[in-house]
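Number of protein chains: 2
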Amino acid sequence: MAPATYLLGVDLGGTNIVVGAMPDDGTAMHGVHSEPTHAEDGADGVTARIVRMIEQTIEATVAETGITRAQFRGVGIGAPGPLDLDTGVVLITPNLGWVNYPLRDRVSAAVGLPAALDNDANCATLGEWWIGAARGARHVIGLTIGTGIGGGLILDGAVYHGASGIAGELGHTSIETNGRRCNCGNYGCLEAYASGPAIATRAREALGGGEASLLPALVDGDLSRITAQTVYQAAEQGDLVARQVVRDTAQFLGTGIANLLNIFNPEVVVIAGGVTQAGAALFEPLRAEVRRRAFKPAVDACRIVPGELPGTAGVAGAIANFVARHP
Amino acid sequence: MAPATYLLGVDLGGTNIVVGAMPDDGTAMHGVHSEPTHAEDGADGVTARIVRMIEQTIEATVAETGITRAQFRGVGIGAPGPLDLDTGVVLITPNLGWVNYPLRDRVSAAVGLPAALDNDANCATLGEWWIGAARGARHVIGLTIGTGIGGGLILDGAVYHGASGIAGELGHTSIETNGRRCNCGNYGCLEAYASGPAIATRAREALGGGEASLLPALVDGDLSRITAQTVYQAAEQGDLVARQVVRDTAQFLGTGIANLLNIFNPEVVVIAGGVTQAGAALFEPLRAEVRRRAFKPAVDACRIVPGELPGTAGVAGAIANFVARHP
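For the record, the sequence lines run as chains A and B.
Per our numbering, the first sequence starts with residue 1, numbered consecutively.
Per our numbering, the second sequence starts with residue 1001, numbered consecutively.
Heads up, some of the hints might be wrong.
To be verified - As a list, the in silico DMTMM-like pairs of lysine to aspartate or glutamate whose alpha-carbon atoms are at most 20 angstroms apart: (1) A:K296 to A:E284; (2) B:K1296 to B:E1284; (3) A:K296 to B:E1267; (4) A:K296 to A:E267; (5) B:K1296 to A:D84; (6) B:K1296 to B:E1267.
Said to hold, decoys possible - Some chain B residues judged to face chain A by a derived CB distance under 7 angstroms, without partners named: (7) P1082; (8) I1175; (9) N1265.
If you're looking for bench data, these hints aren't it; they were derived computationally from the structure.
Every residue, glycine too, gets a C-beta built ideally from N, C-alpha and C.
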């Protein structure tokens, strides 16, 4: 039997970079570590950091498993988009400030291995599909709810990219025609209501009426420090203002996800990201809202579940993307 | 060279049945005719009508082209859903009142040819993709706006059906979380704002304020007779109330279609159905609204166009579906 081959995965975010290694059967992850991105170092500086992290992961994996360096056959990279998937170029990243940067080939040349690039949200969904909460499904919708709301689509057993590689912007679907202005320029986007910062904003607005709430005490009176996590914490302690914000969040997300059920009739919706730490307090009213709205056959066909790979779905998916492109 | 083979296409609607024949290269349509569905005759009665219409189309095509009856090799059928695509069974049709009716096999047995069944909205999109406004594209969104708003999806070059065959319910995506109640039970659906009857309802509501308008005169004072067509007619004559209704329609449709651009990044959105007879009065503000809302790369990649096969897209698509399933 030929020795197993290993792959390296990189999840590049605006705040952190995560790198890890996996055998090609996806049964383990080795040498996982995270570092701040330090976008201010520029594209070449960040790339140098990625390459150094890859070398550390290779060393750690060799030490842990006893494999040789020659058993690594490639690097998968997930990055914020939009990207040119064919050339492996990052076209624009508002978070990082890069324009037309050939990330895939820079990393490949520095590490001496072939590389593959896809969108970070697609990679997160792909990871959950390969070894996480959506294993075995043919039609999967992935949502990552954090600072923004990212989306990924697995349709008929493959990542769906659309005509120019930017499909799956599920956070930028309007659920209020004349609603809140979104960072993207549109009005009423799901992201403008249900991302972490949007949840915090709605809580601050709700406090504006002067109602009694635990929230101000939880942030020592500095309302600017309210986060989605503070809101869920207060809700758990019975705070009525926070509970209403959580209910509204479930309604907004439920509207957006019911739309996705009627559009895609998927088997699984996987929701990942910081906001899902709220657990049942989020998922139960969210599922109820989806049931209230979507077509029954679509509801019956679909599980709505939290991701199973917090922090590493993007690394696993970047590797799965490499394997799909270099079988 | 073997003689060309011919296919028969059936577009079964709640109001009318359309039947026609085409050679397998899609270059012509013969013997097209339409009859009222007469749903009150029940499933067997309507099926007998379909079979009789097919026989008439065969006779007309033989007379027109000089081909023989033996050159017909199958029947494609588009029907309102939900359907079981594998068994060719109509599961439920609210419009027709059928439950678990084996339409495909009944037609096949009566005509003596193999048959294939798909959803009517999918067939309309498939027809425009095969020989109409979306020829040559890989990613196509189809909307048929009439009494309701139907949707069809061509993704990566194939009709997308989802996990249980009901994907593509694009009219039942909410663009107002707490908006108008839709017939489907959801709130704020695109269909509840921009279908033909919804346009008429909004016009009647706008007249409630007692503003001066040409609309009452166009329907002899009987506001219940206002249709989407009346509204477009009044708008063309400069009526301010009607113009506002048309602008609002473009905004609602623009919101829904911008969502579809951000989700799918398609090359073409084809819009068919009675409401598109408004032409530029609808399409120009609609395109402007989509540009205002969707991501620029998605807007740049996509044409938003009227269908090119009014009345026959469903027949052509039912035939294309047969050919895809019986190559």
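Here is how each hint holds up against the structure:
1. Distance hint between A:K296 and A:E284 is fulfilled; the C-alpha atoms sit about 17 angstroms from each other, no more than 20 angstroms.
2. Taking the CA atoms of B:K1296 and B:E1284, the gap is near 17 angstroms; set against the 20 angstroms cutoff, the hint holds.
3. Simply put, A:K296 and B:E1267 have alpha-carbon atoms about 31 angstroms apart, too far for the 20 angstroms limit, and the pair is violated.
4. A hinted pair counts as satisfied when its Cα atoms are at most 20 angstroms apart, and A:K296 with A:E267 qualifies at roughly 13 angstroms.
5. This hinted pair checks out: B:K1296 and A:D84 have alpha carbons roughly 15 angstroms apart, not beyond 20 angstroms.
6. The suggested pairing of B:K1296 with B:E1267 holds, with an alpha-carbon distance near 13 angstroms, which does not exceed 20 angstroms.
7. The beta carbon of B:P1082 is positioned within 7 angstroms of a beta carbon in chain A (closest approach about 6 angstroms), and the interface hint is therefore held.
8. Checking B:I1175 against chain A: minimum C-beta separation of about 5 angstroms stays under 7 angstroms; hint holds.
9. Here the hint on B:N1265 is kept, as its CB sits about 3 angstroms from the closest CB of chain A, short of 7 angstroms.
When held up to the earlier numbered hints, the structure conflicts with hint 3 and nothing else.
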